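This note's numbering applies: residue 1 is where the sequence shown begins, and numbers increase by one.
Think of the hints as simulated: they come from the structure by calculation, not from any bench. Treat the hints with care, since some could be wrong.
Straight-line alpha carbon distances no greater than 27 Å define the calculated BS3-like cross-link-like pairs of lysine-lysine that follow [as the list claims (entries may be wrong)]:
#1 K375 - K338
#2 K135 - K58
#3 K135 - K88
#4 K338 - K247
#5 K275 - K247
#6 K135 - K96
#7 K338 - K275
#8 K326 - K135
#9 K336 - K358
#10 K88 - K326
#11 K135 - K358
#12 K275 - K375
#13 K96 - K58
#14 K247 - K358
#15 K375 - K336
#16 K338 - K358
#17 K326 - K96
Here are the in silico distance ranges between beta carbons for each label pair [unchecked claim]:
#18 L141 - L52: 16 to 26 Å
#19 A360 - S295: 13 to 23 Å
#20 K336 - D184: 19 to 29 Å
#21 S39 - N248: 33 to 43 Å
#22 L52 - R339: 54 to 64 Å
#23 A365 - E212: 37 to 47 Å
#24 T298 - V195: 16 to 26 Å
#25 F68 - A148: 39 to 49 Å
#26 D92 - N161: 45 to 55 Å
#27 R69 - K275: 44 to 54 Å
#28 A360 - Q297: 38 to 48 Å
Computed from a prediction, not measured in an experiment: that's the story for all the values here. Where is the CB? At the ideal position from N, CA and C, for every residue including glycine.
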Amino acid sequence: MYMPRTLEGFARTAAGQFPVLLVTGARQVGKTTFLRHLSEPERTYVSLDDALLLDLAKRDPALFFQRFRPPLLIDEVQYAPELLPYIKMESDELGKPNLFWLTGSQQFHLMKGISESLAGRVAVVQLLGFSRREKIGQASLSRPFIPAPSEIAQREQTGGNLDLMELYGTIWRGAYPAITLNEDMDRDLFYSSYVQTYLQRDVRDLARVGDEMAFLRFLRIAAARSGQLINLTEFARDADISVNTAKNWLSIMQASGVVYLLEPYHSNLSKRLVKSPKLYFLDTGLCSYLTGWSSPQTLEAGAMSGAILETWVISELLKGYLHNGKQPPFYYYRDKDKREIDLLIVQDGTIYPLEIKKTASPSAADVRAFGTLVKLGLPVGLGGVICLARQSLPISESAVSIPVRVL
Numbered sequence: 001m002y003m004p005r006t007l008e009g010f011a012r013t014a015a016g017q018f019p020v021l022l023v024t025g026a027r028q029v030g031k032t033t034f035l036r037h038l039s040e041p042e043r044t045y046v047s048l049d050d051a052l053l054l055d056l057a058k059r060d061p062a063l064f065f066q067r068f069r070p071p072l073l074i075d076e077v078q079y080a081p082e083l084l085p086y087i088k089m090e091s092d093e094l095g096k097p098n099l100f101w102l103t104g105s106q107q108f109h110l111m112k113g114i115s116e117s118l119a120g121r122v123a124v125v126q127l128l129g130f131s132r133r134e135k136i137g138q139a140s141l142s143r144p145f146i147p148a149p150s151e152i153a154q155r156e157q158t159g160g161n162l163d164l165m166e167l168y169g170t171i172w173r174g175a176y177p178a179i180t181l182n183e184d185m186d187r188d189l190f191y192s193s194y195v196q197t198y199l200q201r202d203v204r205d206l207a208r209v210g211d212e213m214a215f216l217r218f219l220r221i222a223a224a225r226s227g228q229l230i231n232l233t234e235f236a237r238d239a240d241i242s243v244n245t246a247k248n249w250l251s252i253m254q255a256s257g258v259v260y261l262l263e264p265y266h267s268n269l270s271k272r273l274v275k276s277p278k279l280y281f282l283d284t285g286l287c288s289y290l291t292g293w294s295s296p297q298t299l300e301a302g303a304m305s306g307a308i309l310e311t312w313v314i315s316e317l318l319k320g321y322l323h324n325g326k327q328p329p330f331y332y333y334r335d336k337d338k339r340e341i342d343l344l345i346v347q348d349g350t351i352y353p354l355e356i357k358k359t360a361s362p363s364a365a366d367v368r369a370f371g372t373l374v375k376l377g378l379p380v381g382l383g384g385v386i387c388l389a390r391q392s393l394p395i396s397e398s399a400v401s402i403p404v405r406v407l
């Protein structure tokens with residue numbers, strides 16, 4: 001079963017303009033299924049998970065490309081970086097677009113090789129798990145979000161209903177295709193297997209971690225802090241590792257598509273902003289599993305209910321940008337006076353501030369910090385509170401409530 005993805009349109013456009021298309025993302029987000037669905041009948045599929053093919057690719061790349069001619073889809077290309085110079089030579093020799101489609105799950109090592117070998121020849125797109133719009137069959141309606149009145153109104157008309165427990169059921173279960181497309185899939189069994197695969201393959205390949213249990217402990221500590229500022233000293237202390245190890249392991253989680261780091265907004269006019277990024281898990285099902293919530297009901301009633309909602313909203317907003325081929329212009333704001341704003345979307349020189357609250361009745365107090373943005377020296381657009389309200393209504397002169405179902 002294939003469920004349409006928002007990224008299809010941009011991927012086709014990019015493939016028509018570049019000789020190489022690279023789809024990156026975490027394991028199990030559907031990269032291979034996505035590209036095989038888009039593939040023409042004549043495109044050959046090669047998986048480097050096959051030990052014999054991997055050996056050939058690493059030992060004799062020239063012979064590999066004599067055997068497999070473009071158009072070609074190479075799965076998990078990071079296992080054989082030796083192929084990249086030959087892809088460059090083939091691309092230059094043939095001189096046309098749409099020759100090589102690649103997938104990769106480890107962006108750190110992969111992008112280093114890509115930047116050295118395929119600069120100017122490759123379009124890189126990132127695939128995350130299913131967005132809510134994709135799940136309800138509206139992949140084509142998923143767009144980058146800006147809190148403009150017309151955009152909110154249009155999304156309200158198409159967003160359907162999303163009550164509290166349905167929302168937390170979605171958050172608890174997660175967005176990986178194996179979970180989304182098969183309601184009978186045992187959620188705990190899936191994530192247990194996923195974590196073991198992640199530990200045994202990506203982590204081992206990226207960092208040669210000797211103590212897998214220590215890394216699993218670090219993974220759980222990070223999940224419990226989703227939606228919070230990163231404090232590496234606390235991470236290291238709680239995981240009983242060094243600060244340098246904590247920093248390295250966090251970079252592994254980012255490189256393998258497990259977490260997203262939201263950077264603070266910097267301005268020459270404001271030097272009082274803190275510099276630590278905020279940590280968000282890109283899949284709330286994995287985050288909920290690692291933190292031990294046994295059901296949507298316990299998650300919604302528990303101490304993480306607000307943070308996990310914020311994590312889900314950030315993930316959905318990211319998908320709206322990345323799946324349309326755009327880099328999300330996302331930041332957060334927090335100064336030393338502890339004035340905070342969950343998310344700033346900065347587009348065309350205008351700042352759009354957003355708060356994310358687990359409430360159905362947002363108030364003017366929730367958007368009080370928006371006034372501090374004036375000192376940043378940029379125009380401030382309409383802001384809002386993404387929340388559990390049933391409809392969008394004014395909160396102040398410059399902010400509205402934004403029902404979570406518009407995402």
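What's the verdict on K375 and K338, does the C-alpha distance respect the 27 Å limit or exceed it?
Holds, at about 16 Å.
For a C-alpha distance cap of 27 Å, please report whether K338 and K275 respect it.
Holds, at roughly 13 Å.
Holds or violated: K275 with K375, Cα cutoff 27 Å?
At roughly 18 Å apart (the allowed maximum being 27 Å), K375 and K275 satisfy the hint.
27 Å limit on alpha-carbon distance, applied to hinted pair K338 and K358
The hint holds at about 20 Å.
Can you let me know if the beta-carbon spacing of T298 and V195 is within 16 to 26 Å?
Once the Cβ atoms are compared, 20 Å apart, the range 16 to 26 Å for V195 and T298 holds.
Is 33 to 43 Å right for how far apart the beta carbons of S39 and N248 are?
With Cβ atoms ~37 Å apart, the hint holds.
Given the hinted pair K336 and K358, is their Cα-Cα distance within 27 Å?
holds (25 Å)
Taking 13 to 23 Å as the stated bounds, is the beta-carbon spacing between A360 and S295 within them?
Given about 22 Å between the Cβ atoms, the range holds.
Taken at face value, is the distance from the CA of K135 to the CA of K326 at most 27 Å?
Cα-Cα ~21 Å, so holds.
Between the alpha carbons of K338 and K247, is the straight-line distance 27 Å or under?
Roughly 25 Å between the alpha carbons, so the hint for K338 and K247 holds.
Is the hinted range of 19 to 29 Å satisfied by the C-beta distance from K336 to D184?
violated (51 Å)
A365 and E212, beta-carbon distance inside 37 to 47 Å?
holds (46 Å)
Going down the numbered hints, you'll see the structure goes against 2, 3, 6, 14, 18, 20 and 28, while the others check out.
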